[in-house]
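Asker: The opening residue of the sequence shown carries number 26 in the numbering used here; numbering runs sequentially from there.
Honestly, I wouldn't trust all of these hints.
As the list claims (entries may be wrong) - If you anchor each label on the Cβ, the simulated ranges turn out as follows:
no., residue 1, residue 2, range
1, D302, W173, 42 to 48 Å
2, D284, T146, 43 to 49 Å
3, S115, K265, 40 to 46 Å
4, K180, N149, 33 to 39 Å
5, E176, S115, 17 to 23 Å
6, G133, R224, 51 to 57 Å
Unchecked claim - Taking lysine-lysine and the DSS-like style, the derived pairs with C-alpha atoms no more than 27 Å apart in a straight line are:
no., residue 1, residue 2
7, K215, K265
8, K289, K192
9, K142, K131
10, K289, K265
11, K164, K180
12, K131, K119
13, K215, K119
14, K131, K213
15, K213, K289
16, K213, K164
17, K119, K192
18, K142, K213
19, K192, K180
20, K180, K213
21, K215, K289
22, K142, K180
23, K215, K192
24, K269, K215
25, K180, K131
Rather than coming from a laboratory, the hints here were simulated on the basis of the structure.
Just so it is clear, CB atoms sit at the ideal spot from N, CA and C, and this is done for glycine as well.
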Amino acid sequence: MRYNKGQKWCAALVIGMVSIMCFSAGFYLLKPSSTAEPSLQFISIIFRHGERAPVVWLPEGMHSDLSLWPEGLGSLLQIIAVKKHCPLLSRERKQWIDRASEDAQKNGEYLAFLSQKTGITLTNLIQLMRLSDYMSGVKALGLPRPDWYDERIFKWIRTEYFFSFTKTDNRVKLESGVLINEIVTNMKRKIDSATDFSRRLQLYAAHDLNLIHLWRGLNVSQEITDLPSHGAALLIELHKINGKYLVKILYKNNADDEDLTVLKTVACQNNSSMDDDLCDFDHFSSALQSNIITNFDEACRIPDELS
Numbered sequence: 026m027r028y029n030k031g032q033k034w035c036a037a038l039v040i041g042m043v044s045i046m047c048f049s050a051g052f053y054l055l056k057p058s059s060t061a062e063p064s065l066q067f068i069s070i071i072f073r074h075g076e077r078a079p080v081v082w083l084p085e086g087m088h089s090d091l092s093l094w095p096e097g098l099g100s101l102l103q104i105i106a107v108k109k110h111c112p113l114l115s116r117e118r119k120q121w122i123d124r125a126s127e128d129a130q131k132n133g134e135y136l137a138f139l140s141q142k143t144g145i146t147l148t149n150l151i152q153l154m155r156l157s158d159y160m161s162g163v164k165a166l167g168l169p170r171p172d173w174y175d176e177r178i179f180k181w182i183r184t185e186y187f188f189s190f191t192k193t194d195n196r197v198k199l200e201s202g203v204l205i206n207e208i209v210t211n212m213k214r215k216i217d218s219a220t221d222f223s224r225r226l227q228l229y230a231a232h233d234l235n236l237i238h239l240w241r242g243l244n245v246s247q248e249i250t251d252l253p254s255h256g257a258a259l260l261i262e263l264h265k266i267n268g269k270y271l272v273k274i275l276y277k278n279n280a281d282d283e284d285l286t287v288l289k290t291v292a293c294q295n296n297s298s299m300d301d302d303l304c305d306f307d308h309f310s311s312a313l314q315s316n317i318i319t320n321f322d323e324a325c326r327i328p329d330e331l332s
């Protein structure tokens with residue numbers, strides 16, 4: 026894949042920032058004077074990346090000068106996205122798109138209004154979401170938004186898009202199962218004294234949808250009601266206390282949030298741990314087995330094809 030100068034600069038910046046974060050977080054965990062809990066053995070951090078350019082360009086005004094987005098439209102997505110064909114996931118997405126398009130047609134008058142204002146034909150929820158994404162980028166740059174833009178309506182569009190997109194069990198598993206497997210496997214490697222696994226930290230740069238899918242894949246008992254902000258993160262910690270291995274899940278709401286929220290999984294909601302914030306690792310991991318994917322190709326096969 027070839028990148029222009031702006032994309033290469035952006036890629037270098039992303040890699041540099043992640044490297045600095047890895048070093049800083051690792052230093053924080055390992056230094057003797059660290060404020061991290063002494064029982065902490067390993068931590069996986071899944072964070073939403075920073076602001077990026079919109080993924081679409083609007084032809085009719087509204088800051089449509091491409092020089093405003095020197096990194097290129099949706100450049101971060103192109104840099105870090107890894108795509109692999111998954112028939113079952115493709116079918117899930119198509120079914121969702123069909124339903125979303127039908128729902129959008131119920132608001133045909135508003136779609137026609139937006140189409141006239143933007144100069145692009147809007148017929149479904151995905152197109153509305155891309156328009157909303159564009160306006161978020163405009164807001165991030167501090168540029169004025171047009172008079173017809175209604176933040177309340179577009180917030181509803183974003184919420185409806187993301188949360189309806191993550192409702193089915195199949196979709197949640199396919200979107201989060203491989204990552205959950207890696208997180209649990211790394212914890213097992215840390216627990217197993219026979220393995221040489223000295224790592225203390227694993228960082229994952231993700232999108233807002235990835236965080237929502239992971240939240241639901243972990244069977245967190247608290248419902249996620251707001252879209253993850255830039256800098257939001259899930260922290261999954263492995264602790265060792267009195268010879269027992271325990272798990273704690275924390276949520277950072279945004280980049281400036283210093284008061285992390287403790288999350289509970291459904292399986293660990295009524296655990297008998299010495300600390301209500303912690304859950305026995307064996308209990309935690311066994312409850313996730315139905316959402317773990319160890320063979321992505323096999324999991325992606327449509328059920329009719331398995332017979």
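Asker: Each hint needs a verdict: does it hold in this structure or not?
Answerer: A quick look at each hint next to the structure:
{"no.": "1", "hint": "D302 / W173: 42 to 48 Å", "in the structure": "47 Å, holds"}
{"no.": "2", "hint": "D284 / T146: 43 to 49 Å", "in the structure": "45 Å, holds"}
{"no.": "3", "hint": "S115 / K265: 40 to 46 Å", "in the structure": "42 Å, holds"}
{"no.": "4", "hint": "K180 / N149: 33 to 39 Å", "in the structure": "18 Å, violated"}
{"no.": "5", "hint": "E176 / S115: 17 to 23 Å", "in the structure": "33 Å, violated"}
{"no.": "6", "hint": "G133 / R224: 51 to 57 Å", "in the structure": "53 Å, holds"}
{"no.": "7", "hint": "K215 / K265", "in the structure": "11 Å, holds"}
{"no.": "8", "hint": "K289 / K192", "in the structure": "19 Å, holds"}
{"no.": "9", "hint": "K142 / K131", "in the structure": "19 Å, holds"}
{"no.": "10", "hint": "K289 / K265", "in the structure": "18 Å, holds"}
{"no.": "11", "hint": "K164 / K180", "in the structure": "13 Å, holds"}
{"no.": "12", "hint": "K131 / K119", "in the structure": "19 Å, holds"}
{"no.": "13", "hint": "K215 / K119", "in the structure": "40 Å, violated"}
{"no.": "14", "hint": "K131 / K213", "in the structure": "50 Å, violated"}
{"no.": "15", "hint": "K213 / K289", "in the structure": "20 Å, holds"}
{"no.": "16", "hint": "K213 / K164", "in the structure": "43 Å, violated"}
{"no.": "17", "hint": "K119 / K192", "in the structure": "14 Å, holds"}
{"no.": "18", "hint": "K142 / K213", "in the structure": "55 Å, violated"}
{"no.": "19", "hint": "K192 / K180", "in the structure": "19 Å, holds"}
{"no.": "20", "hint": "K180 / K213", "in the structure": "40 Å, violated"}
{"no.": "21", "hint": "K215 / K289", "in the structure": "22 Å, holds"}
{"no.": "22", "hint": "K142 / K180", "in the structure": "19 Å, holds"}
{"no.": "23", "hint": "K215 / K192", "in the structure": "33 Å, violated"}
{"no.": "24", "hint": "K269 / K215", "in the structure": "13 Å, holds"}
{"no.": "25", "hint": "K180 / K131", "in the structure": "18 Å, holds"}
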